[in-house]
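2 protein chains.
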Amino acid sequence: MKKQLELAEAKEAAVSYLTHHGMPQEHAGMVADHLIYATLAGHDFAGLSRLQPIAEMLKERGPGGSISTLRETPISALLDGANVNGYVTSVLAMDKAIALAKRSGVGVVGVSNSWFSGMLRYYVERAADADLIGMHAANSTARVAPLGGIDRLLGTNPLAFAFPSLSTPLVIDFSSASMMWGDVLYHQQIGRPLPEGRAVDAQGAPTIDPAAALSGAILAWGGARGSALSMIVQALGILGGSDPVIRDGGGRWGYFFMAIDPELLMPLQDFKKNIQSLQDQVENSRPVPDGAFVRVPGSAATRKVREGRARGWIEVDEPIYSAITRHCV
Amino acid sequence: MKKQLELAEAKEAAVSYLTHHGMPQEHAGMVADHLIYATLAGHDFAGLSRLQPIAEMLKERGPGGSISTLRETPISALLDGANVNGYVTSVLAMDKAIALAKRSGVGVVGVSNSWFSGMLRYYVERAADADLIGMHAANSTARVAPLGGIDRLLGTNPLAFAFPSLSTPLVIDFSSASMMWGDVLYHQQIGRPLPEGRAVDAQGAPTIDPAAALSGAILAWGGARGSALSMIVQALGILGGSDPVIRDGGGRWGYFFMAIDPELLMPLQDFKKNIQSLQDQVENSRPVPDGAFVRVPGSAATRKVREGRARGWIEVDEPIYSAITRHCV
Chain A
1 MKKQLELAEA KEAAVSYLTH HGMPQEHAGM VADHLIYATL AGHDFAGLSR
51 LQPIAEMLKE RGPGGSISTL RETPISALLD GANVNGYVTS VLAMDKAIAL
101 AKRSGVGVVG VSNSWFSGML RYYVERAADA DLIGMHAANS TARVAPLGGI
151 DRLLGTNPLA FAFPSLSTPL VIDFSSASMM WGDVLYHQQI GRPLPEGRAV
201 DAQGAPTIDP AAALSGAILA WGGARGSALS MIVQALGILG GSDPVIRDGG
251 GRWGYFFMAI DPELLMPLQD FKKNIQSLQD QVENSRPVPD GAFVRVPGSA
301 ATRKVREGRA RGWIEVDEPI YSAITRHCV
Chain B
1 MKKQLELAEA KEAAVSYLTH HGMPQEHAGM VADHLIYATL AGHDFAGLSR
51 LQPIAEMLKE RGPGGSISTL RETPISALLD GANVNGYVTS VLAMDKAIAL
101 AKRSGVGVVG VSNSWFSGML RYYVERAADA DLIGMHAANS TARVAPLGGI
151 DRLLGTNPLA FAFPSLSTPL VIDFSSASMM WGDVLYHQQI GRPLPEGRAV
201 DAQGAPTIDP AAALSGAILA WGGARGSALS MIVQALGILG GSDPVIRDGG
251 GRWGYFFMAI DPELLMPLQD FKKNIQSLQD QVENSRPVPD GAFVRVPGSA
301 ATRKVREGRA RGWIEVDEPI YSAITRHCV
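In the order they appear, the protein sequences are chains A and B.
Read in our numbering, the first sequence has 277 at position 277, and its numbers run on one by one without any break.
Read in our numbering, the second sequence has 278 at position 278, and its numbers run on one by one without any break.
By construction, these hints were calculated from the structure, which means they are not laboratory data.
Just so it is clear, CB atoms sit at the ideal spot from N, CA and C, and this is done for glycine as well.
Heads up, a few of these hints could be off.
Partial list, computed: chain B residues near chain A (C-beta under 7 Å) [stated by the list, open to error]: (1) Ser76; (2) Ile190; (3) Ala228; (4) Leu265; (5) Pro267; (6) Leu268; (7) Ser277; (8) Val288.
Chain A extracted, bound-state conformation:
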């Protein structure tokens, strides 16, 4: 059963829950905004249902310290995340990149010493909302084997871009792994086999058993090219401050952010008009036989978030609702 919550009410409940579990008030507001965004976007698994795992991580890792700037130029900054969660450090890093790009045309920002950061599109969309191009790559614990291998050497390595447009921005994010780690865990929890071709066991044999996959490796998505894309994301993560390969239970994660002002190369309005034209031409193109319409990647989530904000409320599962209002998800 679903319960309706006013957005302000949902935020208040999430903030209250997070501060109750030791998160500083200011950080809790930023995390709550992200989780509500994800719920609005229709990504329930990345939404308010994340409150419990975040509380567990807070218990394990603590709330973190003071985020600081280790290195700065007019077009770049390197942040020490001080063991604060990635929801917070990523907003600060993207906003730093945005501020640099607004002043200097480009902002390149790295963050390490931080953990889980949710949906990448949330960050890059901030750049597009500021009339900038946003780019973000994140490297975390190695779960994925490169093509031709069976050892876990690559993160699930997501990549995100956002481009400003006349109406809604073009916002695209995806992982270069054939499956998310959390999704493998979820299959194990509900006792369901994995789809074929997504993982190998510890000896490198193909497996659909979630437990075997958890001790083995996930495969990169899309064969050689997905594996190559994952290497690119990992190298950008290294630039952001991550270890070359992040072993289980330790190591430094690294996030890379960039904002680019389209005005460097053309008038902003021309760029936005051209991105809009691309979006329009895709949406107005002929669908496959029996297809309803052609969708611009990422546009469904963008639309849902905007509609949800205009509407002013979200729906959450009753257990989540009663738990967050009782601080015990």
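Use these hints to put chain B onto chain A, whose structure you have.
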């Protein structure tokens, strides 16, 4: 039958062939260097065998005019390619991005009004050789349908990155289309059907007939994510100066180049050491059962080029050899 050619001899023959067909001497040297690189890399189809199609394009489009800078800042430049081929404009654009990044930390460069540019890795590798990170995206004539659609709206949209390392740089490029346009043409020439699932005909029905595919559309590689990546590349191409969608037989292509100095975020040696460590850990990881070893994406081509240059000669097919030395490929 293959013929051995000293590299200097091969370059002289290619330059002589190109100038005979109307290309300015200076441009011909740059194109020849690229084609020899591609031949050394083992990509014969992108190597000296391209001389004939380039000569045909020269006949059709002329040698082009004077490349000029339309817009410039300390971190960016927009070039008008003046209808000069992309082999030349892309070297100038990448080298401009490199020069800007050496001075300012970042270089963002766009080029439009140019045509075919060969292997993207050739350009980004120049950045890595200069101890910079190179990025390059290219949008050309629409041949590919977005996921869920059947109209040609996307270019074959290749993407390339290069990262400096202690030994050989990490250089990765690939196309976001399931098949290159030239490869469809090649299948038609030799009368061979396409692999399944790569193309649709003009009515949107799946086809393995090259002629039907040529009047229809190629599919994006890797489903939703490949199609999303293709949109990203196209949007970067738009930033580089391309039309939103480039229709057959006209329109402006757009190339986007960027160079980033890793020193913005960390000491160069630390960055190179970390990229080397990633390369080493991949190469030394366990291969799939029956696999010989795990390969770093792009490393085979990088190695072949370096070995070939040290060796000092290439092998070319006899017909290519005799044709280029007689100016009539």
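We went through each hint and held it up to the structure:
The beta carbon of Ser76(B) comes within 4 Å of a beta carbon in chain A, closer than 7 Å, and the hint placing it at the interface holds. A distance limit of 7 Å between C-beta atoms decides the matter here; for Ile190(B) the minimum to chain A is near 24 Å, and the interface restraint is violated. The interface hint given for Ala228(B) holds, since its Cβ lies 4 Å from the closest Cβ of chain A, which is under the 7 Å cut-off. With its C-beta approaching chain A no nearer than about 5 Å, Leu265(B) sits inside the 7 Å limit, and its interface hint holds.
Against a cut-off of 7 Å between C-beta atoms, the interface hint on Pro267(B) is violated, since the closest Cβ of chain A lies about 10 Å away. Interface hint status for Leu268(B): violated, as the beta-carbon distance to the closest one in chain A is roughly 11 Å, over 7 Å. The beta carbon of Ser277(B) comes within 4 Å of a beta carbon in chain A, closer than 7 Å, and the hint placing it at the interface holds. The beta carbon of Val288(B) is positioned within 7 Å of a beta carbon in chain A (closest approach about 6 Å), and the interface hint is therefore held.
Consistency with the previously given hints fails for numbers 2, 5, 6, ordered from lowest to highest.
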